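S.K.: Protein chains in written order, with this note's numbering: chain A, 1 to 232; chain B, 1001 to 1312; chain C, 2001 to 2727.
In case anyone wonders, no lab produced these hints; they're calculated from the structure. This structure is a prediction, so every number in the text was calculated from the model and none was measured. Idealized CB from N, CA, C, for every residue including glycine. Nothing false has been slipped in among the hints.
Just some of the chain B residues that point at chain C, by a computed CB distance under 10 Å: (1) V1019; (2) A1061; (3) R1063.
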Amino acid sequence: MRFGVVVFPGSNCEADCYYVLRDVLGAEVDYVWHGESDIDRYDCLVLPGGFSYGDYLRPGAIARFSPVMESLKGFAEKGKFIIGICNGFQVLLEAGLLPGAMLWNESLHFVCRYVHLRLENDRTPWTHLGSEGQVLRIPIAHQQGNYYADEKTLRALEDSGRIILRYCEPSGEVTRRANPNGSVGNIAGICDEDFNVFGLMPHPERASEEVLGSTDGLLIWRSIMEHARGNG
Amino acid sequence: MADVPLREGKTKRLLPTEVPGRINLYFKDEVSLQNGKSIFTIPGKGAACAQVSLQVFRFLAQRGVENHLVKESGDRLLLVDELEMLPIEVVVWNFACGSLPERLGFEPGAVFREPLVEFFLKDDSKDDPLVTVEHLEALGLLRREEVEALRSRALKINGFLRDYFDSHGIILGSVKLEFGKLGDHFVLGDEVSPDTCLMWEKEGGKPLGRMAALEGRREPEIYARVVSLMEEKPGKEAYVYVRPKQGIMDPQGQVTMRALRDLGFSEVEDVRVGRYIILRIREGSSRERLEEMCRRLLANPVIEDYEIRWDD
Amino acid sequence: MAELYEELGLTESEYKDIVRILGREPNKVELGMYSVMWSEHCSYKSSKTVLAQLPTRASYVLQGPGENAGVIDIGGGLAVAFKMESHNHPSAVEPYQGAATGVGGIVRDIFTMGARPIACLDPLRFGNPEKRRTRYLLSGVVAGIAGYGNCIGVPTVGGDLYFEDCYDENPLVNVMCIGILPKERLIRGVAKGAGNAVVLIGNRTGRDGIGGASILASQEFDERSEEKRPSVQVGDPFTEKLLIEACLELLDRGLILGLQDLGAAGLSCACSETAARGGVGMRIHLERVPLREDMEPFEIVISESQERMLAVAEPDKVEEVIGVCKKWGLNAVVIGEVIEGDRFEVYWYGEKVADVPPSTLASGPVYDRPAERPAYLDMLARADLTSLQHPRDMGEVLVRLLTSPNLCSRRWVYEQYDHMVQLNTVVLPGSDAAVLRIKGTSKAIAVSCDGNSRYVYLDPYLGTQIAVAEAARNVVASGAVPMALTNCLNFGSPERPDIFYQFKEAVRGLADAARFFEIPVVSGNVSFYNESFGTAVYPTPIIGMVGLIGNLSHRRSLAFPGEGLGVVLLGETKEEIGGSEYLKVIHGRVAGSPPTLDLEKEKAVQAVCIEGIRRGWILSAHDLSEGGLAVALVECCCAGEVGAEVMQDESLHPVYWLFAESQSRILVTAKLEDLEELRELAASRGVSFRLLGKTGGDRLVIEGLAEFSVAELSRLREEAFLKLVEG
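Throw the hints in and build the complete structure from the sequences for me.
M.R.: Structure, rendered in structure tokens:
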């Protein structure tokens, strides 16, 4: 499986994703400059966190017009995989590859801390190595991660099992208190209809080594790599 | 004194100044085709070429290309360093146009993998003949390595100019460059203008300046159009208000409302925080295009409404 | 010109010097350049002679003071660049942008050396937290640091935060940045080779920040400060991020010979300093500088518009340089060339508008200011603290201290900073030092910022020595060997003899301590004129210490790492409460002498701690500082989410036992079976070893004096800060 980590001007987690995929997981991975539109050689594209175009105007609003984004629709339709982390998730929303939008955190502050996440669906390419109800400990770092979607969209997400992660207590209970940004339904991560496109606010690459304090993020990386090998 | 030219060419006069080593270039309205066999006047041509040269030389200086420009010194006057000019024209071609198809049989418009460079000897009596490196060496004008240095410099300048004109909606077919010595090194001199470049307007493909004149057009617009394309004049302001849709949670508004109330403004019932965007728009746009800007970029239709204020 | 030079802040004798140097009257542009370059901020004219005593050398120092940042060799072909700087005055005028551009400036200093910035730390000092203005400044500064640092992807991993009334009008915003580089990429801000191109990269130049840093930082605050608002710069972190990537790419591809950022005094400073360092001259053409608005030459040469860099490149590399910048979406224009001789020539549309020797801009005047011991020192030192009525309930005292502004939780601050990006932060904020691993090696570096200004106020010499000792101790407690330090010296007006005495004594303390511990001072910054309405802030030298951990497994945090471990206090507790938090919070007094410091004992305690960690005996370590032993115990329990039970020291009054801030003490944990060996190690170095008790349970029990649940203590500390910022 070959990964491509997309670099927008202002991305700042691209090196982290690249490092985890290559040095921790031994995967094949390249950087993909946002101006490239030929992405056929990749099986999975990673839209990393950061502040593409400074988050000026709205996070992700300008990055979505990069040539690489134009190619992304066709890429997903071919059954290939896209994961958008934090700013990458915001880009996917702006591009309409995932439904909904991001509002400012309720506190209005940037917040960087470990959160607990309840795994809501373990039958996806991204999570099949986990089990439903499992609690993951992964950091978040964002100012606009307050997910919003209208009622109809929410119901559709819910009914089709496309809500993948929700903020929760260490015990797994989904409570208001455990919600770090005010997102509707404590939503932290969702998929598209075919489960090829995954967007999430938490940073799995920051929880992929023991020395950093958690390896819970490996579940996502390993799931997609196993899936590509035909397992799960 | 100052208006007695040091030299007069077909399209320019060189005027003395009080500063040693500095001269004024006066741009005439004459257009000279076929090496001076056809000379006529187009009003405003001189001013247009002076203006474009001024802009181009400034731009090239920022790109590290040394040239003779000091500053604008009048309506159609440029103050420049006096150079000891080489009697050579260096022409760079991006595609087959002008005299090239006729001379060498290229299909007009044929694009070259790499731009072509040609050297011409400046001598009207000999019809400005094409010369080779060997000719230049044998004539004692330049050494081989100097020719190579000029060639690569000309290619570099052409590259900068192609991008520069392109950003102003102009396609550059060819450019003619002249160099001269300032102290011990060569510096770009003469002019770089619609009279020394072959150019077309990107939108519509109409020929401009000299290229249009070659096709028999004589109206002032063919030069004036280049100036207006190159002009960076301010457009008209349009205002876009982007605000959270009714019913969408607006954390910034909520916090701001609480803060206002804390400050004693108890009459505040609700606050919604949006964005106010001021655009400066060039002529020829429309409300529809502004709407499109809002839909595609300025507002996120999932959570935001917008309103446009613009007198069209 | 006579009126103009005064308006620009030059003295008459300075003006005469300029006339003497030039052999004629300067014109307006030249005067503008001299005024900003000879300002205190840029020239260090009052501090230069005093700073000369600092030890700056060691075998591993690749670059000492005088460049954009200090650089040390950490082996394996790698080097670390770091520096601290102040942005106090801009932050007082406009807290968000002031702090944001402070981060931008120091980060540029680091990548200007060829290093990739890997972390920032921000020591902050604010006034009385009860005041609305303090809350406004605090939230603005923190948001500004977050807004800028988070965007550029450089984690903000530490710093500190203290409140004292003296900072009401004049907060201190210091910023430290650390970068890492392959040794061969080290580059300096030097122009060389006549004929080489001078390239200006980055943002367009505007009128913002004209005389901002240099003028603001060289005057004290008064009612007119508000009017200076337009001169504060606005930061553009997005462009900064692109500059980092573009400049590092230019260096990796060997396209440039010298690199310098544009900070205070803008082009004047960048051109004259690079020329002076290279012993060459420079000729620039101002009409080529991309402008945001119409400006005159005088303004262009001193504009402090942010996110701009100056590079020197060979002419045939210019095209590639411009190409790399273009790829990153950055402007790059050739504004001039390097020339021979000590000449800085500035042209404006062909006309020469300035012609001065750059070395005279860069060196500036030197003053030997008078110093006089202020009377308050003896008065406060004589204060009788022996007859104080101490409260009975030590538990209540502990709660009051824990919830006091200087000791409660800082989570609200550091959670607004992205402290994890780049995947190096292996000890997160909240510990003694931040620890950053170096990928691809088994090494890590530990960084800490310290400076108790109350101690320095009470005794400038001793207080500064304590700052050095504590910074080193913090790094040691994290498992690192201190390697080098940077500093930011924040003082009042150097023109006042009492203030200048504080400054001289502080620098003497810094020099003596650094020399004793053999820690070179590789970079630093002086910020004078931190005064408002005639009152100076406490003298506040901040020390930024960088230490090296050879083996990542030796990193330690303050958190009690588990149950059933022995809790040991290394070092002696004395009857010292002068200048303490206890005295301030409980008795409302700032008086007495700071705790004593025996440098030999300090060295011994640190040696025992490092050795104990290397042998694997010490499992957690925490330096004892403000709030003393009791507060340290609470911090260790809360961080580890585990309780502890400890005994009293019957030989001391409980107030001293729990709240004295005696120096050279470290609270450690070790397995019970390792205690004996640790005791012997301590004894071999003559270090006092005291087994206090054991970790375990969910309560902190201080025998006979206080008892709390750890969860309750955590809640108290967190809530106290929220209450403080939200009013």
